[in-house]
Amino acid sequence: MTTNRIHRRGFLQRSGAAVLGASTIALPQILPARVLGAAFTQPTPKDRLNIAHIGVGGMGNGHLGYMLARQSRGEVNVVAVCDVDEKRLGAAVKSTGGKATPYRDYRYILERKDVDAVVIATPDHWHACQTVHACQTGKHVYVEKPACCTIEEGKAMIRAAHENKMCVQVGSQGRSQREAFLAHQYIANGMIGKVHTVKCWHYATPSDDSPVADSEPPAELDWDLWLGPLPWRPYNARYLHGVFRWLLESGGGQIRDRGAHVMSNALHFMNADHTGPVSIETKGRIPTRGLWDSAIEMEVVYQFRSPDWTLIWAQPGEMVPYFDRDRVKREGIRESYGAVYHGDKDKPVVWVGDGQVYTEKKAVDFQKPAGGVDVPKSPRFDHHEDWFEGIKTGRKTIMNVEGGVATAFLCVLGNLSLIVNRKLAWDPVRQEIIGDEAARRLMSRPQRFPYVL
Amino acid sequence: MNKETSITATAIALAATTVSTAADAVAVNDLVAKIKSTDDAVRGPAWQGAGPVGAPAVAPLADVMSDVNFEIARSAKRAIEKIVRHAGRPGAIGERKAVAGELTRLLRHANANVRRHAVWMLSEIGDDDAVAPMAELLSDSDVREDARCALTRVPGAKAAGALKQAMATAPEEFKYALAESLRARGEEAPGYPSRKLVPTKQTKVKSQDKP
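Chains as they are written, first to last, in numbering that gives the first Met the number 0: chain C, 0 to 452; chain W, 0 to 210.
Quick caveat, the hints were computed from the structure, so don't treat them as lab data. Glycine included, C-beta positions come from ideal geometry on N, C-alpha and C. Any given hint could be a false lead.
In silico DSSO-like pairs for lysine-lysine, Cα to Cα no more than 30 Å straight-line [claimed, not checked]:
no.	chain 1	residue 1	chain 2	residue 2
1	C	Lys391	C	Lys328
2	C	Lys391	C	Lys98
3	C	Lys154	W	Lys163
4	W	Lys174	C	Lys86
5	C	Lys154	C	Lys367
6	C	Lys422	W	Lys96
7	C	Lys154	W	Lys195
8	C	Lys154	C	Lys376
9	C	Lys98	C	Lys193
10	C	Lys93	W	Lys203
11	C	Lys86	W	Lys203
12	C	Lys112	W	Lys205
13	C	Lys112	W	Lys200
14	C	Lys86	W	Lys205
15	C	Lys98	W	Lys203
16	W	Lys157	C	Lys154
17	C	Lys86	C	Lys98
18	C	Lys346	C	Lys328
19	C	Lys282	W	Lys163
20	C	Lys164	W	Lys195
21	C	Lys164	W	Lys200
22	W	Lys33	C	Lys282
23	W	Lys174	C	Lys154
24	C	Lys93	W	Lys205
Per label pair, the in silico range of CB-to-CB distance [unchecked claim]:
no.	chain 1	residue 1	chain 2	residue 2	range
25	C	Arg394	W	Val67	56 to 64 Å
26	C	Lys367	W	Gly90	50 to 58 Å
27	W	Pro154	C	Gly73	52 to 60 Å
Based on the provided sequences and hints, a complete structural model is requested.
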């Protein structure tokens, strides 16, 4: 797992480095929300977006590195950094050359009128509250995936983005990758016929094989703020950092961590962001000990209707080796997750799904015919760039809040079916579990005061 | 049905109840014994398979939540969750009510962790019958916040009424939390605006520009 995290962070750092090296490429001038409508001809430093980073460890540190690279080209200003871990916060301030203002409590950032946008890379249980609050205070949002932990949270995020006209990009950056675009184009242009099944594979969620007792939190950590909306409980070292992913409340296992990438691409390629399954059935094996309670292995079957297709999330599922072994060695391709798209004419494979996406040669080589179907494409295949363009133009981003929430709902419902140990029926229009009152109640999780939606 | 037939039927029913109770006791004792095992291979499958054991196991498991071995205590807690989710399945009204009844009794348990867990579990399967005992915990300083959250999730006018009623007597600071619950349920809470955007926590880390 450590390897993967470093790998993803490495991707962001490489992206930043690539941006730095590409200083001759013309980039769109970003227009901050606060000066929209103002007449100006020459961009000045005050016209750049002022960015604040909420959560600066792990992926958050990668995002910060990316933005600092853009700042060095004069494209944005990184004005604030925030973390509930003072050590991480101190390191982040240092990485900005001491220029960014540090905060422990993100709400100080929301009070600042000069902040245009926030990058949220906190544990999952904070994503919805912070996104909603940022939208309500007039900040554009880039939020890490998965978008939300409950159905209620997802609906609130969409509502807040729409009501406040804020651009929200969810961090399933796989959609912006070049070969994701090519695979999408191949499928959308009918090259595999009618898609009836998408089978994902991913390696297992780790288990906590060395559980430890609750203890006092480390001095540098504000445990109350880390917990935020979650019910109070004593600190335990197995909650953080990074490993929050393996708890249902704060993460939800691989189906949420990587399902939010692999299944994001599936919804995108199937043009299904505004639909949803009608049934969800999960089988799985959960750890017998330790604090982490996410399924080690699991299989979730999602049935979609009109059009009819089946999405299967399987840990571990059936891994398909990448066809070019030299490229695997050369680029460090992680074959251990991906999806096969089963059509009635062909079944192409899409490997990985987040910071890297790869597909088969036939899809890469495919030339869209005149009059063929156009599919969305992020500028320069850069997920952040797509967000900036969304802010500037008002157009929907490639992983907009609806897509992010739709993907997160798949992850949430997959886990819910396992939690209640039964098949769930879902109304994709009303976005509600139907015919099961106890499961319906789990569509929300009341939040601890004052950390509420 | 004549009198003789009725007596026979009653006797059979009583016998069946006795057999059922005895079977329940065996199942509960077996479950609790396994949950108390320090062997993960014994304890793990026990709590994971606890669902069908049902209501009779709830109180004994709650007592195990105080075990000094944190893995055993956690297993007991999770076994209760399994029972609640099993009883919550559609159509299992009798089982759900029986489990909810046991959870309601736990709201007066001496261990605050048990009270806390019981009230959260009732948020999943409790109905109007559970509301008043849950609302009593709104004046329990150890678990009142959990009780507030739990009541927020219970549907119906009775739960909303309990939250409103608590506004009259709650400590002033807690009224802001109750107001959030009411707003989440679509109710008004005049005089107690949201504090969700009010920052409260200062960092000790300094930036270069503002030493």
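Status of the hints after comparison with the structure:
1. Lys391(C) - Lys328(C): violated, 39 Å
2. Lys391(C) - Lys98(C): Status holds; Cα separation ~26 Å.
3. Lys154(C) - Lys163(W): OK: lysine 154(C) and lysine 163(W) at ~26 Å, within 30 Å.
4. Lys174(W) - Lys86(C): violated, 35 Å
5. Lys154(C) - Lys367(C): Distance ~36 Å between lysine 154(C) and lysine 367(C) Cα, so the pair is violated.
6. Lys422(C) - Lys96(W): Within the cut-off at roughly 22 Å; holds.
7. Lys154(C) - Lys195(W): Holds: lysine 154(C) and lysine 195(W) sit about 18 Å apart, inside 30 Å.
8. Lys154(C) - Lys376(C): holds, 26 Å
9. Lys98(C) - Lys193(C): Since the Cα atoms of lysine 98(C) and lysine 193(C) sit roughly 54 Å apart, the hinted pair is violated (cutoff 30 Å).
10. Lys93(C) - Lys203(W): Cα-Cα ~14 Å, so holds.
11. Lys86(C) - Lys203(W): holds, 10 Å
12. Lys112(C) - Lys205(W): holds, 21 Å
13. Lys112(C) - Lys200(W): Holds - the C-alpha atoms of lysine 200(W) and lysine 112(C) are around 19 Å apart, at most 30 Å.
14. Lys86(C) - Lys205(W): holds, 12 Å
15. Lys98(C) - Lys203(W): Holds, at roughly 16 Å.
16. Lys157(W) - Lys154(C): Holds - the C-alpha atoms of lysine 154(C) and lysine 157(W) are around 26 Å apart, at most 30 Å.
17. Lys86(C) - Lys98(C): Holds - the C-alpha atoms of lysine 98(C) and lysine 86(C) are around 17 Å apart, at most 30 Å.
18. Lys346(C) - Lys328(C): holds, 25 Å
19. Lys282(C) - Lys163(W): violated, 41 Å
20. Lys164(C) - Lys195(W): holds, 21 Å
21. Lys164(C) - Lys200(W): holds, 29 Å
22. Lys33(W) - Lys282(C): Distance of about 24 Å is within 30 Å: holds.
23. Lys174(W) - Lys154(C): holds, 26 Å
24. Lys93(C) - Lys205(W): Within the cut-off at roughly 10 Å; holds.
25. Arg394(C) - Val67(W): 56 to 64 Å: holds, 59 Å
26. Lys367(C) - Gly90(W): 50 to 58 Å: Given range 50 to 58 Å: holds, Cβ gap about 52 Å.
27. Pro154(W) - Gly73(C): 52 to 60 Å: With Cβ atoms ~54 Å apart, the hint holds.
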